[in-house]
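Undergrad: Next come the chains, spelled out residue by residue.
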Amino acid sequence: MKGKDRRLAELRAEIPEVTPAEALALQQQGAVLIDVRDQDEIIQGSPAGAYRLGRSYLELRIEEAVPDMDRILLVLCAGGVRSLFAAESLKQLGYRDVRSVKGGFNRWKNEGHPFEIPRFLKPQDRERYARHLLMPDVGEEGQLKLLDSKVLLIGAGGLGSPAAYYLAAAGVGTLGLVDHDVVDRSNLQRQILHTEERVGMPKVESAKIALQALNSGIEVIGYQTHLDSGNVEDIFTGYDVIVDGTDNLATRYLINDACVKLGLPNVHAAVYRFEGQITVFWPAYEKAQGGCYRCMFPQPPPPELAPSCAEAGVLGVMPGVLGLLQAVEVIKILLSIGEPLVGRQLHYDALSSQFTLLKTRANPQCRYCREGAEFPGYDDYTQVCASNA
Amino acid sequence: MEDRLLLRYSRQLLLPEIDLARQERLLAARLLLVGAGGLGSPAALYLAGCGIGQLTICDGDTVELSNLHRQILHRTGDIGRNKAESAADTLADLNPEIRVMALNYRLDGASLQEQVAMADVVIDGSDNFPTRYAINAACQALSKPLVSGAVIGWEGQATVFRFDETASPCLACLYPPDAANAAASCSEQGILAPVAGVIGSLLALEALKILLGAGDILHSRLLRFNAKSLQFRISHFIPDPQCRICRAPQSANDLTGDPAADRMPG
Ligand SMILES: [Zn+2]
Ligand SMILES: [Zn+2]
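In order, the protein sequences belong to chains A and B.
Residue 389 is where the first sequence ends in my numbering, and the numbering goes up by one at each step.
Residue 655 is where the second sequence ends in my numbering, and the numbering goes up by one at each step.
FYI, nobody ran anything at the bench for these hints, they're computed from the structure.
All values derive from a computational prediction rather than experimental measurement.
One or more of the hints may lead you astray.
[Unchecked claim] Lysine-lysine pairs mimicking DSS-like chemistry, simulated, CA-CA at most 25 Å apart:
id: 1; chain 1: A; residue 1: Lys102; chain 2: A; residue 2: Lys91
id: 2; chain 1: A; residue 1: Lys102; chain 2: B; residue 2: Lys617
id: 3; chain 1: A; residue 1: Lys2; chain 2: A; residue 2: Lys150
id: 4; chain 1: A; residue 1: Lys287; chain 2: A; residue 2: Lys261
id: 5; chain 1: A; residue 1: Lys359; chain 2: A; residue 2: Lys145
id: 6; chain 1: A; residue 1: Lys145; chain 2: B; residue 2: Lys617
id: 7; chain 1: A; residue 1: Lys2; chain 2: B; residue 2: Lys617
id: 8; chain 1: A; residue 1: Lys122; chain 2: A; residue 2: Lys102
id: 9; chain 1: A; residue 1: Lys122; chain 2: A; residue 2: Lys91
id: 10; chain 1: A; residue 1: Lys4; chain 2: A; residue 2: Lys91
id: 11; chain 1: A; residue 1: Lys150; chain 2: A; residue 2: Lys4
id: 12; chain 1: B; residue 1: Lys617; chain 2: A; residue 2: Lys150
[To be verified] Ranges of calculated distance between the beta carbons of each label pair, as one might list FRET restraints:
id: 13; chain 1: B; residue 1: Pro565; chain 2: A; residue 2: Tyr381; range: 54 to 60 Å
id: 14; chain 1: A; residue 1: Pro376; chain 2: B; residue 2: Asn517; range: 55 to 61 Å
id: 15; chain 1: A; residue 1: Leu134; chain 2: B; residue 2: Ala506; range: 47 to 53 Å
id: 16; chain 1: B; residue 1: Asp482; chain 2: A; residue 2: Asp379; range: 39 to 45 Å
id: 17; chain 1: B; residue 1: Ile468; chain 2: A; residue 2: Asp234; range: 25 to 31 Å
id: 18; chain 1: B; residue 1: Asn517; chain 2: A; residue 2: His113; range: 33 to 39 Å
id: 19; chain 1: A; residue 1: Lys359; chain 2: B; residue 2: Asn517; range: 49 to 55 Å
id: 20; chain 1: A; residue 1: Leu134; chain 2: B; residue 2: Thr451; range: 52 to 58 Å
id: 21; chain 1: A; residue 1: Ala306; chain 2: B; residue 2: Asp482; range: 17 to 23 Å
id: 22; chain 1: B; residue 1: Tyr494; chain 2: A; residue 2: Asn363; range: 57 to 63 Å
id: 23; chain 1: A; residue 1: Glu111; chain 2: B; residue 2: Asn615; range: 44 to 50 Å
Glycine included, every Cβ here is placed at the ideal spot set by N, Cα and C.
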């Protein structure tokens with residue numbers, strides 16, 4: 001005991017102490033509050049906005065969390081003792097101004113300062129998503145964000161199959177699927193969500209079976225319906241990202257218009273034979289400028305110029321690649337990591353192995369997404385392909 | 390071709406690149422996939438879907454919960470099962486018309502040579518350098534095309550070694566064993582789930598292009614993918630005149646040999 005008391009006296013002489021009220025004021029001015037308590041203590045509550053790095057990993061994690069050695073660090077534990085030891089260690093790493101919060105979290109809470117109940121992954125999820133947790137920019141916080149997210153996929157077919165599979169595997173908490181079709185044997189060469197045994201079953205139901213067998217920790221909501229102007233907003237509302245995996249031109253316009261109106265990112269891909277393209281239409285995105293689908297194609301083409309209604313040839317792996325790229329873009333958007341394909345379009349020609357990134361531009365005259373545009377309403381286009389081509 | 394197969398493959402038969410003769414070629418093809426993990430999952434599903442006649446999948450590992458964030462061939466209920474066997478069941482559910490052979494052990498030495506010799510194309514979806522070098526050496530010695538990929542974090546890469554054509558560089562030309570030795574083992578690194586999917590499906594696509602004889606194959610070229618910017622870059626590489634695998638005259642012992650096994654961490 002003597003050694004501890006002597007050491008504490010030395011630390012108190014060396015490490016400045018601040019009251020919780022002073023710490024809160026400093027935190028609001030930009031100082032970093034670090035809660036060094038263990039997870040079983042933190043789970044009862046921790047100061048709002050505190051960094052929870054854990055005492056045992058503190059020295060290993062602090063430099064990534066706070067690269068600036070000149071920022072004020074405020075160290076907090078339960079009663080104000082462990083924080084002194086931790087503070088000294090941080091000083092030795094080179095942080096110039098490290099202070100300890102007197103009375104720790106007990107006093108912080110008693111004095112009525114703001115705190116929150118932080119969330120942690122369940123032990124089983126920690127294992128399931130271990131490879132995401134190893135990524136510094138995803139980590140536990142990112143994984144929790146994915147689990148809180150809601151993504152809606154239009155079409156449980158060629159593009160929707162891989163996108164839904166990987167978003168479910170990655171732990172996107174709620175996946176909505178819109179598809180009115182039933183599984184046909186000719187789908188199985190590309191629609192990997194479905195199986196021979198489920199031929200004839202509604203696709204959304206078949207998809208739900210596949211996704212929950214892979215990951216029962218997420219929710220899958222099926223909408224076995226045609227998207228139209230009457231239901232599109234009801235279905236879209238509450239989702240964070242929309243994934244357009246439809247091959248129907250009329251539905252594509254509807255998805256675009258609803259996304260513009262609701263401010264939702266629309267992750268759009270299309271495949272034609274051995275070519276594919278992907279972009280993100282998201283006029284509401286602040287960091288990059290890009291338009292909407294109607295900026296490129298204001299109206300569906302007249303029937304004589306429209307693509308044929310007859311099905312085009314497709315090798316399954318082509319929508320596979322594009323649907324997977326859609327899943328990548330969705331996760332980037334959900335986690336705010338990297339640059340989403342806003343204002344850019346990736347074109348892939350599989351036969352020549354060429355990937356080309358093209359810039360896309362918002363049309364300042366676009367009726368739907370131009371600045372201050374009043375929503376012009378939905379169009380229910382009935383037929384936008386040339387039926388007897 | 391029987392009607393039920395015509396129906397199953399009808400959408401790809403509409404492609405000018407896949408006529409009945411080429412579909413027959415796929416149905417007669419034998420593909421060896423090493424690894425039923427992150428890269429092997431999408432590759433195997435798409436190859437099975439389009440009717441590769443015989444898929445041989447080998448993996449000595451068992452399914453773990455931490456695999457399921459990207460290895461979509463397996464289900465939560467498959468935890469503890471051998472990966473190749475779990476994969477074979479999933480593929481049979483998708484397409485019962487093809488033959489899937491599950492090898493529930495790690496291929497090496499004679500077993501690796503035997504399987505490579507029977508394959509038309511080999512896909513390397515393994516996750517460690519010793520196995521990669523062993524597959525590379527076997528494919529080079531037996532003149533079999535090898536499609537190879539790797540993923541780490543937000544990045545992935547893919548390439549093809551056309552050992553069935555003359556003077557192809559090999560994996561050891563691209564990554565001399567010493568440099569690979571220094572590279573981090575991917576088993577301890579994070580991987581963003583769909584990045585493995587993107588690369589795995591590109592491997593399937595390259596394998597199909599080889600089998601169909603269609604398009605420009607990623608051979609002697611390394612494709613690099615960065616998910617954060619969604620950029621794909623392609624760089625060329627050439628045979629290393631000093632390469633111990635594809636340049637030096639080979640003794641029988643070297644064929645299965647892994648030039649770096651003694652120096653490489655697993
Ligand atoms: Zn627009
Ligand atoms: Zn070589």
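Undergrad: Look at each hint and say if it fits the structure.
TA: Verification of the supplied hints:
| no. | hint | verdict |
| --- | --- | --- |
| 1 | A/Lys102 <-> A/Lys91 | holds, 18 Å |
| 2 | A/Lys102 <-> B/Lys617 | violated, 43 Å |
| 3 | A/Lys2 <-> A/Lys150 | violated, 56 Å |
| 4 | A/Lys287 <-> A/Lys261 | holds, 19 Å |
| 5 | A/Lys359 <-> A/Lys145 | violated, 30 Å |
| 6 | A/Lys145 <-> B/Lys617 | holds, 18 Å |
| 7 | A/Lys2 <-> B/Lys617 | violated, 55 Å |
| 8 | A/Lys122 <-> A/Lys102 | violated, 32 Å |
| 9 | A/Lys122 <-> A/Lys91 | violated, 34 Å |
| 10 | A/Lys4 <-> A/Lys91 | holds, 20 Å |
| 11 | A/Lys150 <-> A/Lys4 | violated, 51 Å |
| 12 | B/Lys617 <-> A/Lys150 | holds, 21 Å |
| 13 | B/Pro565 <-> A/Tyr381: 54 to 60 Å | holds, 58 Å |
| 14 | A/Pro376 <-> B/Asn517: 55 to 61 Å | holds, 57 Å |
| 15 | A/Leu134 <-> B/Ala506: 47 to 53 Å | violated, 38 Å |
| 16 | B/Asp482 <-> A/Asp379: 39 to 45 Å | holds, 41 Å |
| 17 | B/Ile468 <-> A/Asp234: 25 to 31 Å | violated, 38 Å |
| 18 | B/Asn517 <-> A/His113: 33 to 39 Å | violated, 51 Å |
| 19 | A/Lys359 <-> B/Asn517: 49 to 55 Å | violated, 41 Å |
| 20 | A/Leu134 <-> B/Thr451: 52 to 58 Å | violated, 21 Å |
| 21 | A/Ala306 <-> B/Asp482: 17 to 23 Å | violated, 37 Å |
| 22 | B/Tyr494 <-> A/Asn363: 57 to 63 Å | holds, 59 Å |
| 23 | A/Glu111 <-> B/Asn615: 44 to 50 Å | holds, 48 Å |
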